[in-house]
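Protein sequences, first through last, are from chains A and B.
Under the numbering used here, the letters of the first sequence match residues 1 to 491, in that order.
Under the numbering used here, the letters of the second sequence match residues 1 to 491, in that order.
Among the hints, erroneous ones may be present.
Same chains, same label: a pair holds when it works inside one copy or across any pair of copies.
As the list claims (entries may be wrong) - Restricting the straight-line Cα-Cα distance to at most 35 Å, the calculated cross-link-like pairs of lysine-lysine (DSBU-like) are:
{"no.": "1", "residue 1": "K95", "residue 2": "K163"}
{"no.": "2", "residue 1": "K163", "residue 2": "K432"}
{"no.": "3", "residue 1": "K118", "residue 2": "K422"}
{"no.": "4", "residue 1": "K401", "residue 2": "K422"}
{"no.": "5", "residue 1": "K405", "residue 2": "K95"}
{"no.": "6", "residue 1": "K312", "residue 2": "K40"}
{"no.": "7", "residue 1": "K241", "residue 2": "K42"}
{"no.": "8", "residue 1": "K450", "residue 2": "K95"}
{"no.": "9", "residue 1": "K405", "residue 2": "K432"}
{"no.": "10", "residue 1": "K241", "residue 2": "K405"}
{"no.": "11", "residue 1": "K432", "residue 2": "K42"}
{"no.": "12", "residue 1": "K241", "residue 2": "K118"}
{"no.": "13", "residue 1": "K312", "residue 2": "K201"}
{"no.": "14", "residue 1": "K450", "residue 2": "K241"}
{"no.": "15", "residue 1": "K42", "residue 2": "K201"}
{"no.": "16", "residue 1": "K178", "residue 2": "K95"}
{"no.": "17", "residue 1": "K163", "residue 2": "K201"}
{"no.": "18", "residue 1": "K178", "residue 2": "K432"}
{"no.": "19", "residue 1": "K473", "residue 2": "K401"}
{"no.": "20", "residue 1": "K95", "residue 2": "K312"}
{"no.": "21", "residue 1": "K401", "residue 2": "K40"}
{"no.": "22", "residue 1": "K422", "residue 2": "K95"}
{"no.": "23", "residue 1": "K422", "residue 2": "K432"}
Worth flagging that the hints you see were computed from the coordinates, not collected in a lab.
Protein chains: 2
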Amino acid sequence: MTRKAAIIGGGVIGGGWAARFLLNGWDVAVFDPAPDAERKVKEVLANARASLPALSDMPMPSEGQLSFMGTLSEAVAGAGWVQESVPERLELKRKVYQQIQAHCREDAVIGSSTSGFKPSEIKGCATRPDQIMVAHPFNPVYLLPLVELVPGDSPAALIAAAKEVLRGIGMFPLNVRKEIDAHIADRFLEAVWREALWLVKEGVATTEEIDEAIRMGFGLRWGQMGLFETYRIAGGEAGMKHFLEQFGPCLTLPWTKLMDVPEFNDELVELIAGQSDAQSGQHSIRELERIRDSNLVGFLRVLKDRDWGAGKVLRDHDRARQSQAAAEVSAAATTTGAPLELLPMQVLPGWIDYNGHMTESRYLFACSETTDAFLCLIGADMDYVAGGHSYYSAETHILHKGEAKLGDRLLGTLQVLHADEKRLHVFVCILKEGVPVATLEQMLLHVDMKAGRACPAGAEVLARLMPIAEAHKALDRPEAAGRFVGERRGR
Amino acid sequence: MTRKAAIIGGGVIGGGWAARFLLNGWDVAVFDPAPDAERKVKEVLANARASLPALSDMPMPSEGQLSFMGTLSEAVAGAGWVQESVPERLELKRKVYQQIQAHCREDAVIGSSTSGFKPSEIKGCATRPDQIMVAHPFNPVYLLPLVELVPGDSPAALIAAAKEVLRGIGMFPLNVRKEIDAHIADRFLEAVWREALWLVKEGVATTEEIDEAIRMGFGLRWGQMGLFETYRIAGGEAGMKHFLEQFGPCLTLPWTKLMDVPEFNDELVELIAGQSDAQSGQHSIRELERIRDSNLVGFLRVLKDRDWGAGKVLRDHDRARQSQAAAEVSAAATTTGAPLELLPMQVLPGWIDYNGHMTESRYLFACSETTDAFLCLIGADMDYVAGGHSYYSAETHILHKGEAKLGDRLLGTLQVLHADEKRLHVFVCILKEGVPVATLEQMLLHVDMKAGRACPAGAEVLARLMPIAEAHKALDRPEAAGRFVGERRGR
């Protein structure tokens, strides 16, 4: 599919889609007649640039081209994906689809960001209804992986292509099989929203108290397991059936107000807006966005470390890009006698201290990651470790030569100073724009992990290691190698 | 208040309360007539021991005494806090309160874990209704901070005391001012639960699809901001009022099934239990608990790093304990010429690699934290850094001498090798049970951060540093000081 996306409607949601596509290497053309649409999309994009790359452990692809078009027809021309995010009015949406379909490719996917309408409703009087499907994302679109994909009766090949595109930009397409008002997630959100309005109106709780009731308790649970898996655990050893039998009967208690919708008048709006100001007014909306994004990046990285839930989506996205990068490094290693250019990295928000600098221990982390990449290259990878052998660090010397800041792109290189059956002596440079910010000299020992002592490395590892060590003998010995702490320079 | 808690009912919730109190240094007496209560409580406690300490950046206090009592009267005798977590049957709860009040202190707080009943209901025919209040926690009680405290008409002094106890065990008491069925959070949970059952029954979505719809999207949002703060942002620059005006009208759409409760029959139970088995059956309940706890610890630490939401609760809890510990270290520093015993640490789950070992860069982290503690001690603390001066690490040598594992308690000690106006040369040991697992030799330079070059430290800092440096001249120079990487031992 042509890697060009057309974004029709450039609000918070449209802007988020633009950022997702753009940062994943797609060209993006935006059409929105509002005079400040370009400014708004660029603000969303700035937020996305500050957060989305922090989810990746691979360097991001080069950004695509972003353009703002004066007409819808120019925006959709040649696009492989057209995403509609115009206001939630059915008549408007239907009109927009007719315009889109008069100018877009017949094989393009047209996705609708609608949170409420069913595909059969939006397809209404379309020229080619088959190419339209609901692709409902969640704000912030550039961070949250969920897309409710409601294809209706679109052809299977187009549905498969749509899922591939969404996965390719790091999202999680949830195929909603039966069309229904508000799909799945927004039905829950509406139920909670109704109840919350009623609690505020009756003075039972303020907006702040309601928010605390959510984020100090079940909100934390739901970021990593949903409703059913959480309750399965609550049932204890007896599991889901026990939980259902215990709590099922409570269902008949009329706890929630349910159908009792509060009248939506000025008084209620004032009450809620006033409480919300008291709760959050000390932060601007931009600040709140940055706080939210930083929290979400943190949560998502936690889940990524654990290969769980939304973190699994991130890992799969990395893995697809990683295999390609590994092949490139491997090819380079066999054709050069220079220090190996092993690991491109980017300074992530979690690497920064209260001072705005890269935390000291993260320099060692960057070096360790480079050494790990080298160990993978010579076959001492996780499978090898699972077999009971590993290289352990015995001794390390670090020289700090410069500073790295948030977002800096770094490159880890490695030179083998000496290798024998048991010992591996390496020199790692962490380069920023070709200049070292830190160097590391390290002695590693090959160990039998069960016996807890050094032993010769496996023949296959040595067969890969020794030719590199041999080639590196020709290299100059780095000046910092052999230094002790406090030694004068230029000895 | 006497730091003894009586736990009446030892299920998942009672066990969680027991763990909270016990790990925060309270003695705990459990009463539950079920024959396997002791085993179950101990299993919850094992989970809590594996996760709760990981939230703290201070060593935990010594655990209290845990006892299982044969009678309710023995359990409640002398307790400052009595927590009732028996099944949700009003008659049963009322009977239990009569028994509790026949034997407990008159000044004790009696908290009820009820998720549904109002205080006025449970106080019903109590002897001293004033001392009973709802204290509704969320599973897992040992990790989630929320307690809905619904005091009804209990006296203000007792309410204040109850809040202090809850904060003291690291919880967040949310004062629910008007009593109402199911308090606040469970009203939301019930609304979502009803809707979810209906979606499963009608075949719109499976339990797994519903869980994905939650945890890939809004669940992540709700762990760090609640409903209103999230929507305030969604309103964009125009904020809450704009959001309300835009989305208010949707409220009248009959999206959710609301009052349409599915009949709770065997067929529905089988359907849900079957789908849940397909979704989560590959993990035992114990495994799911560990996965959940590990995720929650990760989320909570993310929020703690950012001093936000539930993480702020953790920080406040640490701060209270920290000031006491700092005073102890400071006193020790002035009275000894030995290496300074600066920083007790515990190996946290995030410090462990895929191999089960403490990650290499975390040894440097532990050393950096020790050096930071020293810098605070001599007055080069965060306020000093805010003034534009700081000590930067120039060069570091690490010797790995042993291994630390999850939960190990470590002690960071520091010896000053040399200090002058601009330079600070230190030797740090990370000890486990008195034996070094790693040593670090480091040269720090005092810098003018704006000018970006070395300069003399402030007079107040030197006035604290120099006497320590002078005292440390008498100490033996550590064998590893001055080593270069690969140097033979015993030179």
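_Name the hints, by number, that the structure is in violation of._
Violated: hints 2, 3, 5, 8, 10, 14, 15, 18, 20, 21, 22.
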